[in-house]
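Let chain A serve as the given structure and place chain B on it in line with the hints.
Chains as they are written, first to last, in numbering that gives the first Met the number 0: chain A, 0 to 330; chain B, 0 to 306.
No lab work stands behind these hints, which were simulated from the structure alone.
Certain hints may be false.
As the list claims (entries may be wrong) - For lysine to aspartate or glutamate, the following EDC-like pairs were computed, each having C-alpha atoms within a straight-line distance of at most 20 Å:
{"hint": "1", "chain 1": "A", "residue 1": "Lys-129", "chain 2": "A", "residue 2": "Asp-158"}
{"hint": "2", "chain 1": "A", "residue 1": "Lys-129", "chain 2": "B", "residue 2": "Glu-115"}
{"hint": "3", "chain 1": "A", "residue 1": "Lys-45", "chain 2": "A", "residue 2": "Glu-1"}
{"hint": "4", "chain 1": "B", "residue 1": "Lys-65", "chain 2": "B", "residue 2": "Asp-39"}
{"hint": "5", "chain 1": "A", "residue 1": "Lys-266", "chain 2": "A", "residue 2": "Asp-158"}
{"hint": "6", "chain 1": "A", "residue 1": "Lys-154", "chain 2": "B", "residue 2": "Glu-218"}
{"hint": "7", "chain 1": "B", "residue 1": "Lys-198", "chain 2": "A", "residue 2": "Asp-29"}
{"hint": "8", "chain 1": "A", "residue 1": "Lys-240", "chain 2": "B", "residue 2": "Glu-218"}
{"hint": "9", "chain 1": "A", "residue 1": "Lys-196", "chain 2": "B", "residue 2": "Glu-297"}
{"hint": "10", "chain 1": "A", "residue 1": "Lys-196", "chain 2": "A", "residue 2": "Asp-29"}
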Amino acid sequence: MELVCPAGNYPSLKAAVDHGADAVYLGFRDETNARHFSGLNFNDRKMEKSMDYARTNQVKVFIAINTYPQPGGWNKWQQAIDQAAAVGADAVIVADMGVMEYAIQHYPDLPIHLSVQGSATNHESLNFYKRHFNIQRAVIPRVLSLNQIRNLAGKSPVDLEVFGFGSLCIMAEGRCHLSSYITGESPNMCGVCSPAKAVTWQREDGALTTRLNHVLIDRYGENENAAYPTLCKGRFLVNGKISHALEEPTSLNTIALVPELHEIGIKAIKIEGRQRSPAYVAQVVNVWRQALDSFAAAPEHYHPHTDWQQALSKVSEGTQTTLGAYSRPWQ
Amino acid sequence: MDKQRQAAHSIKLALGPIQYFWSREMIMDFYRDMSKTPIDIIYLGETVCAKRRQLSFGDWFDLASKLTACGKQVVLSTLTLVEAESELSAMKKICHNGHFLVEANDMAAVEILSREQIPFVAGPFINIYNGHSLELLARQGMVRWVMPVELSKATLTQIMHATSAPVRQQVETEVFSYGRMPLAFSARCFTARAYGLPKDNCQFICARHDEGLLMKSQEDQTVFNINGIQTQSGEIYNLLQQTPAMKKIGVDIMRLSPQARGMEEVIQQFHLARTSMREIAPDPAGCNGYWFQRAGMENCYVKDKRL
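The shape of chain A in the complex, shown without the other chains:
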């Protein structure tokens, strides 16, 4: 299985390549990709430099152009595809049908991967994208159970890539407007979720509060670790009780499922976290490289080492990990 690793900037790209990535994914410095955060992503010069570094080390580069353009900004997405083709990307990761059509018409040799933002959760959806845009691969939303993925892989017309580790979207990606409802900006339109510019951290009556566009997302006591106010991971009032009504701050970790994912026929494992530090990238890629190599060397003896799990926990949200939707009880 191919290990596909996040690169939010050049140092992270270098960390991913140096620690054993088979491929890296990255985006241009604008709203054409789903991690449009300030200080992140690549301008033309950095993109060239990154391509060189990855090429020298025989690592593939996928360019994410995976938000949905609105008419006013269409040219930007078109240029992003032009540029990805010009620098020789190994694939573009796309969500919008219009953008895919542009890519296939102008660069028929440039492979297209359906982004997780394209939200395909069954083989008939994949058939649509295969038929019209000849997609080569699809990244599957983090809502399917292992059994559902198994069925999907059996019928899929294209290779499948699944998320292996990182921040966990609880909603079907590409079909979530929660962020724009509270802040006006969403992953689909702007490439952001719970954007930093809408966040306030404040001390109020001895508690630390986190707000998103003035809406209280969570309140922390003295001994609690405060988390970034991603709106689906806050504590809310439902039926008179305060709880994590949607999801706890936790990370997806499927390192225990490597044999199953391999057996199902999954072609690539994606590590989430273009917004994270080069140290995170180095740590996570290093552990996953060891895991995949250990599995390849002796599949029947594979077991996730305790020190891998500890290393991954340290860089997890809320220092907790979960198998997410892969495991039925979670649902």
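Just chain B now, kept in the frame of chain A:
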């Protein structure tokens, strides 16, 4: 009469699919009442959770026939998040109903309908954010699209300008104009979670909440509304006052989403708004931010008196 002139004459009103889990009796009573209202189009079917089966495909089909006899245009809606093989089969049955127009709420339905050259409506979670995607799906047989709820009047106007005349003729534009907006879908059931139940043994607990379960901030501010695997807007989206503006930019249909109570009054208000020339007073309740390119939860009438 061509579509443009018709739109200027009168905008149509559609009743979206019931999003909540209602009893069979409640569903039947509801549509009996709705059949007597001035609503033009009625969307039928379960779009949220495949486990909700108060009505079978045959029941929906019969209901559709009855409502058609009452002069309503009926559209059968498919499930939004399609994961299991059984869900795909149920969806195919709807696509192949042979009689009624189908609203595709997942790309799987778009694939099946377009492959078999059956005309279809693209529901609000088919991601059409620009004219290129609109044109592409029009070539695949789309005859109507429901704009994604997070888009604004300004973006809609741009999309319509960017669309060619033949496509504008072929494809009707529908805007979600009243009700709790569907905002997200998940593998997890949040109603079951609120009651400490696993999804596999949910006991259909969502039936207790015929208008969903409010999710408030710890300061008692209404944020979202939980409806099984779906998360809705906490506030009711209401674009009643924008009816003339919609007519002006060429919106064909305004969608009103069923609430358990007070739907007839809501329909009457919209019916009055589309037929009368009188100005409608801005409503200080509910939300309308998306339409004005702001956060969806905002009420721009309250925030900005000039609107």
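Evaluation of the provided hints:
1. Lys-129(A) - Asp-158(A): holds, 11 Å
2. Lys-129(A) - Glu-115(B): holds, 16 Å
3. Lys-45(A) - Glu-1(A): violated, 24 Å
4. Lys-65(B) - Asp-39(B): Cα-Cα ~14 Å, so holds.
5. Lys-266(A) - Asp-158(A): The hint holds at about 6 Å.
6. Lys-154(A) - Glu-218(B): violated, 48 Å
7. Lys-198(B) - Asp-29(A): violated, 39 Å
8. Lys-240(A) - Glu-218(B): holds, 12 Å
9. Lys-196(A) - Glu-297(B): holds, 17 Å
10. Lys-196(A) - Asp-29(A): holds, 16 Å
Hints 3, 6, 7 from the earlier list are contradicted by this structure; the remaining hints agree with it.
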